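> Here's the letter readout for the chains.
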Amino acid sequence: MKLRYGFVLLLALSAVSFFVGVKNISPLDLFRLTEEQARILVVSRLPRLVSLILAGASMGIVGLMMQQLSRNRFVSPTTAGTEDSARLGILTAMLVFGSATIMQKMLIAFAFALAGTLLFMRLLDRIKYRNAAFIPLVGMMLGGVINSVTTFFAYKHNLVQSIGAWLYGDFSMAVQGRYELLYISVPLVALTYWFADRFTIAGMGEDFAANLGLNYRQTVNIGLVIAALNTTVILLTVGVIPFLGLIVPNLVTLYRGDRLRSNLPHTALTGALFVMACDILGRVILYPYEIPIGLTVGVIGSGLFLYLLARRNAYER
Amino acid sequence: MNDKAKLAVLAALAIALIGIFLFTDLAGNLEYVLSRRCKKVWAIALTGATVAFATTVFQTLVNNRILTPSIIGLDSLYMLLQTTVVFLFGGFALTSMNREVRFLLSAGLMVLFAGLLYRLLFRAHERDLYMVLLVGIVCGVFFQSIASFMQKLMDPNEFLIVQDRMFASLNHPDTDVLLIATALAAFSVLACARNFKYLDAIALGRDHAINLGVPYERAIRHLFLLVAALIAAATALAGPITFLGLLVANIAHQWIHTYRHRFRLAGSMLLGVIALVGGQLVVERVFTFSTTLSVIINFVGGVYFLYLLLRENRRW
Numbered sequence: 000m001k002l003r004y005g006f007v008l009l010l011a012l013s014a015v016s017f018f019v020g021v022k023n024i025s026p027l028d029l030f031r032l033t034e035e036q037a038r039i040l041v042v043s044r045l046p047r048l049v050s051l052i053l054a055g056a057s058m059g060i061v062g063l064m065m066q067q068l069s070r071n072r073f074v075s076p077t078t079a080g081t082e083d084s085a086r087l088g089i090l091t092a093m094l095v096f097g098s099a100t101i102m103q104k105m106l107i108a109f110a111f112a113l114a115g116t117l118l119f120m121r122l123l124d125r126i127k128y129r130n131a132a133f134i135p136l137v138g139m140m141l142g143g144v145i146n147s148v149t150t151f152f153a154y155k156h157n158l159v160q161s162i163g164a165w166l167y168g169d170f171s172m173a174v175q176g177r178y179e180l181l182y183i184s185v186p187l188v189a190l191t192y193w194f195a196d197r198f199t200i201a202g203m204g205e206d207f208a209a210n211l212g213l214n215y216r217q218t219v220n221i222g223l224v225i226a227a228l229n230t231t232v233i234l235l236t237v238g239v240i241p242f243l244g245l246i247v248p249n250l251v252t253l254y255r256g257d258r259l260r261s262n263l264p265h266t267a268l269t270g271a272l273f274v275m276a277c278d279i280l281g282r283v284i285l286y287p288y289e290i291p292i293g294l295t296v297g298v299i300g301s302g303l304f305l306y307l308l309a310r311r312n313a314y315e316r
Numbered sequence: 000m001n002d003k004a005k006l007a008v009l010a011a012l013a014i015a016l017i018g019i020f021l022f023t024d025l026a027g028n029l030e031y032v033l034s035r036r037c038k039k040v041w042a043i044a045l046t047g048a049t050v051a052f053a054t055t056v057f058q059t060l061v062n063n064r065i066l067t068p069s070i071i072g073l074d075s076l077y078m079l080l081q082t083t084v085v086f087l088f089g090g091f092a093l094t095s096m097n098r099e100v101r102f103l104l105s106a107g108l109m110v111l112f113a114g115l116l117y118r119l120l121f122r123a124h125e126r127d128l129y130m131v132l133l134v135g136i137v138c139g140v141f142f143q144s145i146a147s148f149m150q151k152l153m154d155p156n157e158f159l160i161v162q163d164r165m166f167a168s169l170n171h172p173d174t175d176v177l178l179i180a181t182a183l184a185a186f187s188v189l190a191c192a193r194n195f196k197y198l199d200a201i202a203l204g205r206d207h208a209i210n211l212g213v214p215y216e217r218a219i220r221h222l223f224l225l226v227a228a229l230i231a232a233a234t235a236l237a238g239p240i241t242f243l244g245l246l247v248a249n250i251a252h253q254w255i256h257t258y259r260h261r262f263r264l265a266g267s268m269l270l271g272v273i274a275l276v277g278g279q280l281v282v283e284r285v286f287t288f289s290t291t292l293s294v295i296i297n298f299v300g301g302v303y304f305l306y307l308l309l310r311e312n313r314r315w
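Residue numbers (numbering that gives the first Met the number 0), protein chains in the order written: chain V, 0 to 316; chain Y, 0 to 315.
The hints are simulated quantities; they were obtained by calculation from the structure and are not laboratory data.
Heads up, a few of these hints could be off.
What the hints assert, rightly or not - To give a feel for the contact side, a few chain Y residues facing chain V, derived at Cβ under 10 Å:
no. : residue
1   : Asn-63
2   : Gly-139
3   : Lys-151
4   : Met-165
5   : Trp-254
6   : Thr-257
7   : Val-285
Unchecked claim - Straight-line distance between alpha carbons at most 20 Å, and here's what the computed SDA-like set of lysine to any residue pairs gives:
no. : chain 1 : residue 1 : chain 2 : residue 2
8   : Y       : Lys-151   : V       : His-156
9   : V       : Lys-155   : Y       : Arg-35
10  : Y       : Lys-151   : V       : Asn-157
11  : Y       : Lys-151   : V       : Ala-164
12  : V       : Lys-155   : Y       : Arg-193
13  : V       : Lys-155   : Y       : Phe-286
14  : Y       : Lys-151   : V       : Ile-284
To be verified - Label pairs and their calculated CB-CB ranges:
no. : chain 1 : residue 1 : chain 2 : residue 2 : range
15  : V       : Gly-302   : Y       : Thr-257   : 58 to 68 Å
16  : Y       : Thr-83    : V       : Tyr-182   : 32 to 42 Å
17  : Y       : Asp-154   : V       : Ala-11    : 31 to 41 Å
18  : V       : Tyr-192   : Y       : Ser-95    : 50 to 60 Å
19  : Y       : Thr-83    : V       : Leu-190   : 39 to 49 Å
20  : Y       : Lys-3     : V       : Leu-211   : 52 to 62 Å
21  : V       : Asn-157   : Y       : Val-285   : 54 to 64 Å
22  : V       : Val-41    : Y       : Val-285   : 52 to 62 Å
Nothing here was measured: the structure is a model prediction, and the numbers come from that model.
Backbone N, C-alpha and C fix where the C-beta goes; we use that ideal spot for every residue, glycine too.
Given these sequences and hints, build the entire structure.
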């Protein structure tokens, strides 16, 4: 897929997303908007559009970067314990610092997410079998362990349903005043682009990277900070979108190969397209009700992931 | 201490705990209290032993000590099932449903799922067991996203019914289905018994096992299904306890330094009984029911797991 076709498609989908909703606003109304219609567009539709693009693009890129750094196709915030640690962080922020502002919550959740991801990367160094399918298993186990700690405290304070509902991926809450945190991912994406070649080299292994004069540890740490921060931001504003960081980069590398820098725009675009398509689907299927993105991506994503697994194995033989 | 002595110590401890559970704080109608306690301790011990047994076998099959069978999506499937019933027919339907039917439905679906998973994947994927597990996990996330969507829409009162099912509760085990669960566990163990002698060889890895004359694929298939059946029985009886098996299988391994499965299996089963009966004692008599056993076990198991991973410079 050429990038420009992708952009055309993205524009088309954006237009659809902009005009699909319970309140009927047709494109023809654009030049004679009533005050109410204008307000809906500014307060709800536009923030939603922006957050769809930001979340899709940045999660795709984070996934790609994590896969590069860990040299494993199946690593992503979902399968490396990042999301689960951030969730524990959010719970901690809620329980310990009841009156924390959203910024403080984000910082605490970020600290947890970073610690969880670092833990996972340390585990990776110790894994005996470099079987590709084993590494995500370890990550999911780690995620399960962290989740059990979350549940332990959530159960005590009767928060099991609240935290589940609150962190369920859903774009309908992305309205003016609630989504602005997502803008943090813009500089993060820019930073990823800036470091892209270094991440590619770091992905070739510690010895090789050192040989090329790269500070391996520092590069990996920068990557992990970017990944953890981005995951936290998306978790706090949109919620958990399972598998997003896993599928998008895999789809792109299927037809683009492994060079990180040239893949970045494609990954970002595919991520935004995928999320937007899923979101529109969720809004249309049960119109006028909505199916949250967590479910649509969860269902479509698991299907796609299984397909990727089957395909990958067909090639290996 | 040699292995037999260690096992004897564990057995004595298990019996002592069961004794304490049965005979302390006795009051009221002795016959009634004792018969209730007997059923309860039976259910608890059965759960602990089956989960420990299944996990030990599973860890031998996958040749790894940090994995546990519930992660292949069985827990999520169980939760999806419970959530769906509550979501579609209301909380009353789940609690008033015929217990035997509910048990057989839950356990049957879980075994069916594991069987399908295995049948579809093991052949297609060059006998890569990790791939089977990974697909299982993905299915688990799939079930989970549907279940949590329904939970999100649910009335908080109904959610409490689901939440009750979400954490294994041994306070009121379904004593009605106790017999079925015991029969299911016993039957699957017996049906698979001729494969147990291969376990020691399978632990050496695929190539060595085949070299030693083990009918590897058949044994793995039977044992995998056995693990699924045992976990299904325990989950349908008590509810999901993800990290119990991990906890006891690893403690057994650490304490009983042998690779012979006769001892490892017995040790981990005894430890499973000790952990659950002891834990239930603590929950009932110390915390006075303010928390759930499975939440504690998962917490302790989880923390222990992290400790295991980070303890020393060893490779997994």
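> Taking the numbered hints from earlier one at a time, note which ones the structure violates and give those numbers from smallest to largest.
When the structure is compared with the hints, numbers 5, 6, 7, 9, 12, 15, 21 turn out to be violated.
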